[in-house]
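**Q** Chains A and B are the protein sequences, given in the same order.
At position 53 of the first sequence (counting the first as 1) the number is 53 in my numbering, and the numbers step up by one without a gap.
At position 94 of the second sequence (counting the first as 1) the number is 94 in my numbering, and the numbers step up by one without a gap.
Derived by calculation from the structure, the hints in this document are not laboratory data.
There could be a bad hint or two in this list.
What the hints assert, rightly or not - In silico SDA-like links for lysine to any residue, alpha-carbon gap of 25 Å or less:
| hint | chain 1 | residue 1 | chain 2 | residue 2 |
| --- | --- | --- | --- | --- |
| 1 | B | LYS80 | A | SER83 |
| 2 | B | LYS80 | A | ILE9 |
| 3 | B | LYS80 | A | ASP59 |
| 4 | B | LYS80 | A | GLU40 |
| 5 | B | LYS80 | A | ARG92 |
| 6 | B | LYS80 | A | GLU37 |
| 7 | B | LYS44 | A | PHE41 |
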Amino acid sequence: MSCARDDEIRRLVSHLRRQISDESILAEIEDTLRSDESAEFLREPEILDYFPELTEDLDAGGMRWRLRVIPHAHLRSVQRGISIRVVTSLFRRFLEFSNQQAVPIAIGIYSVTARPAPRERTITIRFDIDEVSEAEGAAHVVTVVFGVTTVDADGNVIEL
Amino acid sequence: MSANVTHVVEAARQLTPAEQREVLARLFPEQTAHDGSTVWMSIKFSEQACVVAYAPQQEAHLAGLRQVLQQGALARLENKDDGTYELYGADRTYYLVLTPEREFAALLSSWSPDAPPREINLPDESTS
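This is chain A alone, in the form it adopts within the complex (with noise of 0.2 Å):
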């Protein structure tokens, strides 16, 4: 069992408030949120049901994308403090580095790993493409972290 740090319950927590009106549910889920339960209950369906799936549209690498950010994705950015614009920049910039090495993107899952700007915290964003033809495409987002997913002995992630 382990805790959300501070920050992250912080951040969740102003998210929920513009979700949940009711807050004798907020008071619960927060208080369930800084309980040695924390993590776990950030991995069930219940929380996801206050952080809908995100759509973006966007022009890149000469096509036409549809990302879709799926409801998990969506709270752990929220959880980390990396903003959807950040999560569409990163795919974005994987769309136009595709292009210029002149590789072909193709169905599948790719794990893509970058500086959202010189000097900040490496993001790595973990997406399935879904479709690609010559002019579209649709992509959806699965879990964005900090770092890479490199784990040491015990299990946490290592921030290269």
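Once you've looked at the hints, dock chain B against the given chain A.
**A** Same frame as chain A, now just chain B:
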């Protein structure tokens, strides 16, 4: 070293880290080990396990995931706080959120072993 083994070792060196994990997980399916920066463990759930899909595209793979969880398989821990793992079934790898103590699994993504995630490190914008 025989020519066949040398050929296999040389072939393995050409694989990406994700492809190497796909091979390793199937060579040692029941092993629990710490290998440098990778945490491997065996996962086995009962029939009472709660298994859900967090992406609609993955609903078609829930039955396969449930079967793998009940048979037991090797998993690689990706993030302890998030509870994200890669679980290596015989013919499919599952990327999922797990809470083993509660026998809870939420499927985020999955792929066939010959098409693991492509890992891309983008250069900083000022240098790209």
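**Q** Would you mind marking each hint as holding or not holding in the structure?
**A** Going down the list of hints, with the structure as the test:
1. The straight-line distance between the Cα atoms of LYS80/B and SER83/A is roughly 22 Å, inside the 25 Å bound, and the hint therefore holds.
2. A threshold of 25 Å between alpha carbons decides the hint, and for LYS80/B with ILE9/A the separation of about 18 Å falls inside it, so the pair holds.
3. Only pairs whose Cα atoms come within 25 Å are accepted, and LYS80/B paired with ASP59/A is rejected, the gap being roughly 35 Å.
4. The straight-line distance between the Cα atoms of LYS80/B and GLU40/A is roughly 11 Å, inside the 25 Å bound, and the hint therefore holds.
5. Restraint check for LYS80/B and ARG92/A: not satisfied, since their Cα atoms lie roughly 29 Å apart, outside the 25 Å limit.
6. A distance of roughly 13 Å separates the Cα atoms of LYS80/B and GLU37/A; the hinted pair therefore holds under the 25 Å criterion.
7. Pair hint LYS44/B plus PHE41/A holds up; C-alpha atoms about 21 Å apart against a cutoff of 25 Å.
Hints 3, 5 from the list above are not met by this structure, while the remaining hints are.
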